[in-house]
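Since chain A is already given, all that's left is putting chain B on it; use the hints.
Keeping their order, the protein sequence lines are chains A and B.
Here the first sequence is numbered in UniProt numbering, starting from 1 and rising by one per residue.
Here the second sequence is numbered in UniProt numbering, starting from 1 and rising by one per residue.
The reader is advised that the hints may include incorrect statements.
Note that identical chains are pooled: a pair holds if it fits in a single copy or bridges any two copies.
What the hints assert, rightly or not - In silico lysine to aspartate or glutamate, EDC-like type, Cα no more than 20 Å apart, as pairs:
no., residue 1, residue 2
1, 2, 193
2, 186, 224
3, 2, 224
4, 43, 202
5, 272, 119
To be clear, the hints were calculated from the coordinates, so they are not data collected in a lab.
Predicted model, so just to flag it, every value in this text is computed and none were measured.
There are 2 protein chains.
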Amino acid sequence: MKLPTKVKLVDVGPRDGLQNEKEPVPAEVKIRLVHMLQDAGLKEIEVTSFVSPKWVPQMGDNAEVMAGIHRKPGVRYSVLVPNMKGLEAALASKPDEIVVFGAASEAFSQKNINCSIAESIERFAPVVEGARAKGIYVRGAISTTVGCPYEGDIAPSRVELVAKLMKEIGVQHIGVADTIGVGTPKKVQAAMEAALKHYAIDDVSGHFHDTYGQALVNTMACLEMGIWQFDSSVAGLGGCPYAKGATGNVATEDVVYMLQGLGVDTGIDLDKLIDAGKYISDFLQRKPNSRAATALLNKRAG
Amino acid sequence: MKLPTKVKLVDVGPRDGLQNEKEPVPAEVKIRLVHMLQDAGLKEIEVTSFVSPKWVPQMGDNAEVMAGIHRKPGVRYSVLVPNMKGLEAALASKPDEIVVFGAASEAFSQKNINCSIAESIERFAPVVEGARAKGIYVRGAISTTVGCPYEGDIAPSRVELVAKLMKEIGVQHIGVADTIGVGTPKKVQAAMEAALKHYAIDDVSGHFHDTYGQALVNTMACLEMGIWQFDSSVAGLGGCPYAKGATGNVATEDVVYMLQGLGVDTGIDLDKLIDAGKYISDFLQRKPNSRAATALLNKRAG
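Next up, chain A with everything else stripped away, as it sits in the complex (with noise of 0.2 Å):
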């Protein structure tokens, strides 16, 4: 089994997991969220989205958000960008990476942002050269890479195109998502290899969901191939909207334990991350969506 010496991870929580919730969470608690986790170790953290509060009030505190997070040298804070008008939102509050995010899916992308592919990748073209300007790094997110819930399985050639429309506009790394969690290691990979014909090993990343319970084990199968870099959110924060009651996210904590395992580098203490997953489960009033913290809790609970 050849993996990965290091692995990077990308935690999603205070972005795509908190914008699941119904009731805002106040901006303190997210910028102490963000300072745990990067006290943790985690070296980029998705933190807030600059879409209209009109579509996502979740994240209306988006600037507050950036404005009271102490830096910390080495860490990326990377923020959600739909359009020019967020575009110019985000550089106010000094991003490292902005995300922009597409669909393998038409239906998906009608549904989510709007708008067909090709018009969502007309108006990501001025966001990525706009950002590329002031030297801003931009991550595309492919969303639905292996199932839609509208239109079922996704074909990795689907992918594939997306992942070339991305690159001609200038994106310079994709995160290949399975956004509904309904993806099998084969499949998986699939689709990563559709990504992987436009853009080298070190510019993409995965991000899975555990709806399924598969989030690991497509993990493994990327790892295998080499791919070391994943999106994942502390506590397993973020639901699936589209299955009721089902997990969404996979837990940073559950990927952190398995690398650990594995004796794969992530730089994450995992003590502290659980903190900050009890942190803010404790201030959602559940309990952590992951089996690990959950053992572990359980563990120091004695």
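Frame of chain A; chain B shown alone:
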């Protein structure tokens, strides 16, 4: 990724799962569960144990359950047997297979079965001989092969020793169990390699707990070694007595979902399996402890 084309799952829910319920489950419910599992396509079911009801009152109805099952041709019904007294009782109920259970950890052996590893092997020897004399297949379960709640990490050499001892007394198949779910892929592979020094690949199975969320990724690591037999538990029945509130046996539904996605034949109808898991979960007044089952039940509900 080279994988076996076929996988055999042994559902241990009726025994390993329901044994962990505080309130004994009525025999008729167990029988119905077994019927639903065989209808779903399971080819082996661990039905009950012939341990003294003084120790395990939950299995006190062992003979009644075994007698109540309408056996389906091609399905194997296995039972746990701790000693000669248990074997005599078990033989009367005509199992296809008996399971003796030892441990790779001395401390766990003492706490779980009140004797040393060496003593357990001595105790099993006449049981194995007695069963084989009647043409009954004998499986040996080795618990705590990766980690032990009392001793911590377990060296693969300890697994190898117990495998060797079991081989010497005529045990035909060994199940390598990560009883407390602490294993990760490389550690599990090391335990399996140790077992494979004394048993052929067709005579070894994996038994994983999902306490730390690692069961599927450990299953995958075994599949990549060519191992094709695994225990699992419908609806994830069975908690973890060493970590309160934590997940126990890997859910059969999660394993089957993964294998279907990989194109590996299990002979199991996932929809019928979900029904079986829902039946017993409803009886126990809880949700199935399976992410795939949760997602698919949500999907059914629309």
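Comparing the hints with the structure gives:
no., hint, in the structure
1, 2 with 193, "both (18 Å within a copy, 17 Å between copies)"
2, 186 with 224, "both (11 Å within a copy, 13 Å between copies)"
3, 2 with 224, "both (6 Å within a copy, 12 Å between copies)"
4, 43 with 202, "within (16 Å within a copy, 44 Å between copies)"
5, 272 with 119, "neither (42 Å within a copy, 43 Å between copies)"
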